[in-house]
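A.B. asks: Read off the chains here:
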Amino acid sequence: MDFGSINPVLLIASLMVASTPILLAAIGELVVERSGVLNLGVEGMMIVGAVSGFIVTVETQSPALGFVAGALGATLLSLVFGVLTLVFLSNQVATGLGLTLFGLGISALMGQEYAQLRTPTSPRWEFFGLNELPVIGPILFNQHPVVYLSLLLVVGVWWFLKTTRSGMILRAVGENHDAAHSLGYSVLGTRFAAIAFGGACAGLGGAFLSLVIVPQWTDGMTAGRGWIALAIVVFASWRAWRVLLGAYLFGGISVLQLNLQAAGFAIPVELLSMSPYLITILVLVIISSGRGRTGGQAPASLGRSFHASG
Amino acid sequence: MKKRTFLAATLAATLATSAFADGHEPTKVGFIYVGPIGDGGWTYEHHQGLLAVEAEFGDKVETMYQENVPEGADAERAMTQMALQGADIIFTTSFGYMDPTINVAQKFPDVKFEHATGYKRADNVSTYSARFYEGRAVQGHIAGKMTKSNKIGYIASFPIPEVIRGINSAYIHAKKANPDVEMSVIWVYTWFDPAKEADAAKALIENGVDVVMQHTDSTAPQAAAAEAGGVVTFGQASDMSEYAPFPRVSSIIDNWAPYYIDRVRAVMDGTWESMDTWDGIAPGMVEIGEITDAVPADVKAEALALRDALSDGSYHAFTGPLNKQDGSPWLAEGETADDGTLAGMDFYVEGITGEIPN
Numbered sequence: 001m002d003f004g005s006i007n008p009v010l011l012i013a014s015l016m017v018a019s020t021p022i023l024l025a026a027i028g029e030l031v032v033e034r035s036g037v038l039n040l041g042v043e044g045m046m047i048v049g050a051v052s053g054f055i056v057t058v059e060t061q062s063p064a065l066g067f068v069a070g071a072l073g074a075t076l077l078s079l080v081f082g083v084l085t086l087v088f089l090s091n092q093v094a095t096g097l098g099l100t101l102f103g104l105g106i107s108a109l110m111g112q113e114y115a116q117l118r119t120p121t122s123p124r125w126e127f128f129g130l131n132e133l134p135v136i137g138p139i140l141f142n143q144h145p146v147v148y149l150s151l152l153l154v155v156g157v158w159w160f161l162k163t164t165r166s167g168m169i170l171r172a173v174g175e176n177h178d179a180a181h182s183l184g185y186s187v188l189g190t191r192f193a194a195i196a197f198g199g200a201c202a203g204l205g206g207a208f209l210s211l212v213i214v215p216q217w218t219d220g221m222t223a224g225r226g227w228i229a230l231a232i233v234v235f236a237s238w239r240a241w242r243v244l245l246g247a248y249l250f251g252g253i254s255v256l257q258l259n260l261q262a263a264g265f266a267i268p269v270e271l272l273s274m275s276p277y278l279i280t281i282l283v284l285v286i287i288s289s290g291r292g293r294t295g296g297q298a299p300a301s302l303g304r305s306f307h308a309s310g
Numbered sequence: 001m002k003k004r005t006f007l008a009a010t011l012a013a014t015l016a017t018s019a020f021a022d023g024h025e026p027t028k029v030g031f032i033y034v035g036p037i038g039d040g041g042w043t044y045e046h047h048q049g050l051l052a053v054e055a056e057f058g059d060k061v062e063t064m065y066q067e068n069v070p071e072g073a074d075a076e077r078a079m080t081q082m083a084l085q086g087a088d089i090i091f092t093t094s095f096g097y098m099d100p101t102i103n104v105a106q107k108f109p110d111v112k113f114e115h116a117t118g119y120k121r122a123d124n125v126s127t128y129s130a131r132f133y134e135g136r137a138v139q140g141h142i143a144g145k146m147t148k149s150n151k152i153g154y155i156a157s158f159p160i161p162e163v164i165r166g167i168n169s170a171y172i173h174a175k176k177a178n179p180d181v182e183m184s185v186i187w188v189y190t191w192f193d194p195a196k197e198a199d200a201a202k203a204l205i206e207n208g209v210d211v212v213m214q215h216t217d218s219t220a221p222q223a224a225a226a227e228a229g230g231v232v233t234f235g236q237a238s239d240m241s242e243y244a245p246f247p248r249v250s251s252i253i254d255n256w257a258p259y260y261i262d263r264v265r266a267v268m269d270g271t272w273e274s275m276d277t278w279d280g281i282a283p284g285m286v287e288i289g290e291i292t293d294a295v296p297a298d299v300k301a302e303a304l305a306l307r308d309a310l311s312d313g314s315y316h317a318f319t320g321p322l323n324k325q326d327g328s329p330w331l332a333e334g335e336t337a338d339d340g341t342l343a344g345m346d347f348y349v350e351g352i353t354g355e356i357p358n
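For the record, the sequence lines run as chains A and B. Each residue of the first sequence is one higher than the one before, starting from 1 at the first, in this note's numbering. Each residue of the second sequence is one higher than the one before, starting from 1 at the first, in this note's numbering.
It should be emphasised that the hints constitute simulated quantities derived from the structure, not laboratory data. Don't be surprised by glycine CBs; every beta carbon is placed ideally from N, CA and C.
Which stretches of chain B does chain A cover? Using the computed rule of at least three CB atoms under 8 Å from a CB of chain A, they are: (1) 38–52; (2) 178–186; (3) 200–213; (4) 350–358.
Label-pair distances were calculated between CB atoms; the ranges are: (5) Asp99/B - Ala308/A: 52 to 58 Å; (6) Asp276/B - Gly224/A: 33 to 39 Å; (7) Met168/A - Gly72/B: 41 to 47 Å; (8) Tyr148/A - Gln106/B: 54 to 60 Å; (9) Leu133/A - Tyr119/B: 54 to 60 Å; (10) Thr336/B - Ile286/A: 54 to 60 Å; (11) Ala297/B - Ile267/A: 39 to 45 Å; (12) Val58/A - Lys120/B: 42 to 48 Å; (13) Leu133/A - Asp74/B: 46 to 52 Å; (14) Phe347/B - Leu65/A: 49 to 55 Å; (15) Leu117/A - Tyr119/B: 37 to 43 Å; (16) Pro357/B - Asp178/A: 50 to 56 Å.
The shape of chain B in the complex, shown without the other chains:
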C-alpha cells in the first residue's frame, strides 16, 4: 500500500508538472479510506468515485488517496499530511473520521473537507451520506419472503445511527412480508475483517438463519453462505455480483461518483459551500443491484414496486404505525419519520430482540 501511495504521489507529481506547463494548476483531491480499495465493498465504491472524478476532469485534477487508515488519531495524521501536500478538497469516507476531520479542518481553513455519514459540520466541512435504509427496505422485503426458517441474520459493524437505521428498516419490511420473521443481530465491531465476518456468518447459519444481511465491507459472508448452501445474501455497498445469482440475490450499490464530481466542480468554480447531503434511491446515490432469478417472479415484482415507491416519494421506509422496542409509540398511523430522528437513531423498533450496545 505504501508502494501504491508512492506511485500515486509520483504520478500526481508528473501530472502537476505537465499542468504547470500549460499554466493551469490542477485541483488536488484527496480521499481517506478505511479499508483497502480491493475490499469489493464500501471502499471499492468510494474509489470508483475517485476514478470517475479523474475521468471527468482529466488533467484538471490531481487525486491522491490513502487506504487502511484507522479510525482515530492516526486519521488526523493522514489528513494533515494530505492537507500539507496541497489538497484543495479531502473526502473522509468513514463515520469514525468525524472528530479527526473537524480537528484537522480547524487547522486548515482553506482546505474543504467532506465527511461521509457523519453529522458534524463546520464552515469548511460538509457532510454527505446516502439513505441506505431505503435499500434495506427492499432487501428486508425479499428476505422476509425468501426465508424458510423464518430467521434472518444481520452482521452489524458498529452501533451508530446509520447501521441501526439499516437494521430497523430491514426488520420492518421483513416483518411486513412475513409476520413470523425473527432477526438475530451480531455486532462484530469492525468494518473490515474478512475472517471475523465469515465466522459471524457461520455462527448465524449454525443457529438456523437462512438469510444473511451484512453491514460490513468484505465479501466474506457471501463466501460463507455459498459454502453452507441454501442461504440467501445481499451485496453490500457494492454489487458483489460474483456471488450472483445465488447466494447473492440482490444488492445495495453506493454510487458516489455524481456527488464527488459535483463537489470537485464546486471547488474549481469557487462555489463550494458547507452543506449536508443525504440522498437516496431517487437521485441514484443508492442503487438496487439486479434481483436475480433465484427470487420468485412475484416477490421480485413486489420488491421493484417498493423500490419505485421509495424513489418517487409515495412511500417512506419509516411509515407509522411503528412503536419503539420498549413498546412506546414512535410514529402514528401514516406518520413518517423526520430526518432529525433518523440521523440520530439510537433505538430498535418493536419486535427486534436484543439490546443496542453503547
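Same shape as in the complex, but just chain A:
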C-alpha cells in the first residue's frame, strides 16, 4: 500500500501520544461512573491539571513533579465536587457543569503569569537501545512514560473492576447503592475514592497536554477534550477495553486525517474533519450493541444522590 509521504511508523507513534490525554481522562471517568457518580467536570479537572502541572514544572524544572502536581491539583478540585455531591447532596449534573466553569476560570487566573513560558522537554524512554529496533522500536520502546502509564491504568482498571473484591464493591455501589449500604459497604467512602481517582487521571491527562503535546500553557487549551472523554465512556458502555479502543480511534483518526491532508491525499477535507467523531461513535455503537442487553447498560445508580436515610 502506498502511504505517500506518510511514514506509518511515525504515524502510529504519534497517534498514541495524541490519544493519551483523552484516554487518561476517560479511564478515570469510567471508574467514577461505575461507582454511580456522574462527574461532568472532566474538562475543568483536565485544565486545572494542565495549569498545575505546567506551573510546577516551570518552578521546579522537573516534568515528573509537574505530572504529580497536575494529578494532585485536579484531585483537589474533584474532591470539592465529592463534598458537594456526596455530603451536601447537590445535583451531580449541575455541580459537574459548575466544576468545568470553575476549572476554566481558576486555571486562567492561576496561569496568567505563565502564558508563553517554556518548560524543559520531558524525555521519552529508550529501553537501553530497544528504541533503535526497526518499526516496533519507535512505537513500543520510545514513548513518554505517561503513555505507558495510561496503558497500565487501562489494564489495572479492567483487572480491578473484574477480579478484585474492592472492584466488585465499587460496582455494587454503582448498581444499587441502597443494597450495598445495607450490606455494610461504605457508599460514600467508595465514591470519594472513585472521584479522587477520576480527578487524578483527568489531571494527568491535562498535564500531558500542557507538558508534552503542546507543550506550553495557554488559556482554555483543553478545548473540549474533557467532553470527548465523557462521550467515549458512554459510547464504550462503561468497559475499560472499549474506552481504550475509543480513545485510540478518536486520537488516531484525528492524527491520521491531519497526515492525509499534509500528504495531499485527494479526500474531501470536510469528510476528514468529521471522521474522528463519526468513526469512533460508529465503531463503539456497533461493538456495544452486539452483545445483547447485558452489555451496554449504564450503572443503575448513575447520577443518583445517596443518603443513608434511604
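Here the structure of chain A is known, so what remains is to put chain B in place on it, guided by the hints.
C.D. replies: Here is chain B on its own, set in the frame of chain A:
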C-alpha cells in the same frame, strides 16, 4: 473567565460612578473575543487594542469584553447582553460573528457595531480588516528561500476568503523565490485549539515540511517546530517573539490600536458612520515583526525591500500574470487584483494542489 468578566464589570461600574460624579457619562466600548486574551495571537492583539483605547481616553471610556465566545448563536447572546449593558460601540472580532452582528445590530439601532474581517454592513454596522496577505507575501518570500526540503506547510483554519488570500499570497511569493517549492495545506477547522494545532504542525513536519506557516491563533505550532528542530515558523497575528530567533524568524503583527482609537473617538464626537476599512502595511495595521539573524542577510534585505514596495504601493501582492488553479487566466501581465475579487476570494492560484473545502 467569568470571574474576570465580573471583575471587569465591577471595575466598569466603579468608573461609571466616578464619571457621573463630574457630570460626564463615559462612552461604553465592548469587545467580543473568539479566544482567550492569553492566546498569544489574534485575541491577544485585539485586547491590546482595548488597552490602547483605555490608555487614550482614560475615564472618558468604559470598556468591557467577553472571551471565548463561540461563533454562532451564543455570540448573539453575548452581544445582546453587552448592548443591554449600555454599550455605545461593540467590536466583534471574528469572521464567524458576521450574521450574529447583523442580527443584533437590527435590534439595537442606536448601538454602533464594528465587525472584523467580514463583508456585511448596515447603517450601524461597519466592517474592518487588515491586508494580512501583504504580510504573507513577505513570509512567502522568506519561506521559499529558507526551505531545504522545498516543502512548505500551512495550517489553515476555516475556508474563508481571508485565509485563502493568505495561502495564495504566501504560495505566489514562495514560488517566485524558489520555483521548486510545494505547499501542503491542512485545514483544522478551529481558530484556537493548541493541541490540534500542534498535531497539525507535527503531521506536516513528519511529512517532510521544514517551513510551517499558520493561520490559527495559538503559539502551539511554534512549540512543535522548536521541538522538532530545524523547522522555520512565523509569528501569526502577534509577534510571538518568545520563539525568536529560531524557529520564529519573522511575524505578522496585527496592530488594531489606532483604528480602535479612531472609531471610539468618532462615537464620542458623533461623527461615526458605517464604512469599510481595509488597511495594510502602509498605514501600519499590518506590521512585519523583526526578521531575525537566522535568515541570511541577502534574504532579509529582499524581504524588507518587498515590504517597502508593498507599503509605498509600487508593488501589489497579487500582480499578474497569474492563473487560477484550474489553469484559467486570472490576471494578465502587470494587472493587479481588485479588492472585490480579493474580498470574496474562493479559489487557489495555479500550482497549489488540493481542493478548498466548501
